[in-house]
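S.K.: Those sequence lines, one after another, are chains E and P. When you line the first sequence up against the numbering used here, it's residues 1 to 243, in that order. When you line the second sequence up against the numbering used here, it's residues 244 to 496, in that order.
Do not take every clue at face value.
[Unchecked claim] Here are the computed lysine to any residue pairs in the SDA-like style, where the Cα-Cα straight-line distance is at most 25 Å:
(1) Lys83/E with Glu56/E
(2) Lys83/E with Ala53/E
(3) Lys232/E with Ala474/P
(4) Lys232/E with Leu422/P
(5) Lys86/E with Ala474/P
(6) Lys93/E with Ala474/P
(7) Lys86/E with His338/P
(8) Lys191/E with His338/P
[Said to hold, decoys possible] FRET-style restraints, in silico, Cβ to Cβ:
(9) Thr5/E with Thr360/P: 53 to 61 Å
(10) Trp241/E with Asp254/P: 18 to 26 Å
(11) Ile73/E with Asn481/P: 54 to 62 Å
(12) Val388/P with Ile106/E: 19 to 27 Å
(13) Ile106/E with Gly361/P: 31 to 39 Å
Worth flagging that the hints you see were computed from the coordinates, not collected in a lab. From a predicted model like this one, the values you see are computed outputs, not experimental measurements. Think of the CB as a built atom: it goes at the ideal place given N, C-alpha and C, for glycine as much as any other residue.
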Amino acid sequence: MVNRTDGRNEGSLRPLSCELSCLYRADGSALWKSGATHVLAAVYGPIAPQNMAKEEEECIVSVLIKSGQSDQIISEYKSFLTKILKACIDTAKFPRTVVEVVLQGIQSDGSVLSCLLHAAVAALIDAGVDLLYLPVATTCLLIQKQQHQQQENDSSSLGVEILLDPVASEEGADDSNSEIVLVTDCSQPTKILGSYTLGAGVSLDHFLSCQQVSAQASPAIPAFWRLAIEQKVTREMQTLWSK
Amino acid sequence: MPVTVVLPGDDVTENIRLNSKRAPKIGTGLRAEHGKVYGTAAGRLEQRSNAYFIKQSIRRYRPNVEDRVIGIVEDRVASDGAGGDIYRVNIRGSHPALLSNLSFEGATKRNKPNFSTGMLIYARLETCAKSMDPIISCQLGPHDVGVSRRDWMTNEAMYGELKGGTCCNISLGLARELLDPSNVVLEELSRHIAFEVCIGVNGLLWIHSSRPEYSILIQNAIVNSEVLTEAQVRGMVNTLMETVADHIEEGEE
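Take these sequences, add in the hints, and give me the full structure.
M.R.: The structure is reproduced here in structure tokens:
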């Protein structure tokens, strides 16, 4: 057991909050809060690209990230998210169009990439863009353990401590820490769709431990999405739909 | 009946009852793959006789053939070979639609309507191939059986220009609800004010009444009704009507 600054244990997520349809002009929008990391996502589309010459047989997915971080990190996040979202959107259904996802980092307190992905997915659900599956991201921080701190737990033989959903103070505590963001399909938590590594490289054993942690924790996010949609459906049944 | 809430990626094959006589129809928000049915949109699973779909209320229109839509004329694109002009019309979908000014009842080369940018047209969606822009038309179609065929020059044709009034954007779910004959907000409003309304299933609403204050009031009432229950809607309309009660009395005298 380790003492984290906010009192959580190693494998628990921060409290989640999601507000759908918060922007009036966007086709879909979501304000996603994971602890103190807040991201606002807006989705426009499917819509014809501004330049007709850029039309393709399948839908083009364009991701734009506005955040206080460095341009290099933003462009890496952008290409990672574009690949994930392009794979999960039913692009064959909307030929000659563009789906534009605009992500605005409102507040940043660790695990920013996961938050960006979840906000984007929530906004895509709100916009009614057809998705083949829902990608879920989990962030694992690997801390090199000192010799005298080794305790009896699964990862003690590996010499690292795995913290789930780290905050900024935990991420920045030591330069030798690594962070892995794993993206999985919510209906198959053991299958990895994509991964992104920050900091020093990780060994395969560490990677597999992170994957186990992620498989345990990731069902919480789709459960939260389901709750949000159930509340929306209940409300709509009382107000919008007469039957 | 229990409500089934579906998220994208959910396996809903068990919820689709297999009828031995006919294969079930898979509609919006669902996809069939290898004998299983998965959700692709988030919402409630609905069944209408043999068809299954996800009920959701989104903002951007997806064209379907024979939908009745309101379009805003943008500009002239080309001339069709038969002496008419083709215009680009915004129908709030992924692509603008095309409308020829010869696709009106009784329109000929010498007798065709004049379009200007910003004009509102009530039309029906004629074709929407995936590789082309959708085409709309103001002529009667297969779903308009029983409607009398009037020329475009008399203003009594079913489709055509919407003159005057005001237009606003609404969600597709609200548009569908407004088309229901027993819709509460329209019924309540009609008890107090006389007005004309045109609802496009593409999420455009046109309102015309004798005074602009009434049009704005009606527009606000309709937009509010999306998030209110039936009883709340009646109360809301009555409250709004009180603000123009004096005008209505004057008008009646």
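S.K.: The structure should be examined with respect to each hint, and the outcome stated for every one.
M.R.: Comparing the hints with the structure gives:
Pair hint Lys83/E plus Glu56/E holds up; C-alpha atoms about 16 Å apart against a cutoff of 25 Å. Annotation: proposed proximity of Lys83/E to Ala53/E holds, straight-line Cα distance about 22 Å (limit 25 Å). At roughly 20 Å between alpha-carbon atoms, Lys232/E and Ala474/P fall within 25 Å of each other, so this suggested pair holds. The suggested pairing of Lys232/E with Leu422/P holds, with an alpha-carbon distance near 22 Å, which does not exceed 25 Å.
Between Lys86/E and Ala474/P the CA atoms are separated by roughly 44 Å; this puts the pair beyond 25 Å, and the hint is violated. In summary, the hint linking Lys93/E to Ala474/P is not supported, as the alpha carbons are separated by about 40 Å, beyond the 25 Å threshold. Annotation: proposed proximity of Lys86/E to His338/P holds, straight-line Cα distance about 21 Å (limit 25 Å). For a cut-off of 25 Å, the pair hint linking Lys191/E to His338/P is broken: about 37 Å separates their Cα positions.
Between Thr5/E and Thr360/P, the C-beta spacing of about 60 Å keeps the proposed range 53 to 61 Å intact. The given range of 18 to 26 Å is respected by Trp241/E and Asp254/P, whose C-beta atoms sit roughly 25 Å from each other. Distance hint check: the CB atoms of Ile73/E and Asn481/P are about 56 Å apart, consistent with the given range 54 to 62 Å. The hinted window of 19 to 27 Å between Val388/P and Ile106/E is violated, with their beta carbons roughly 54 Å apart.
Checked against the hint of 31 to 39 Å, the C-beta distance between Ile106/E and Gly361/P comes to roughly 37 Å, which is consistent with it.
Going through the hint list in order, the structure does not satisfy hints 5, 6, 8 and 12.
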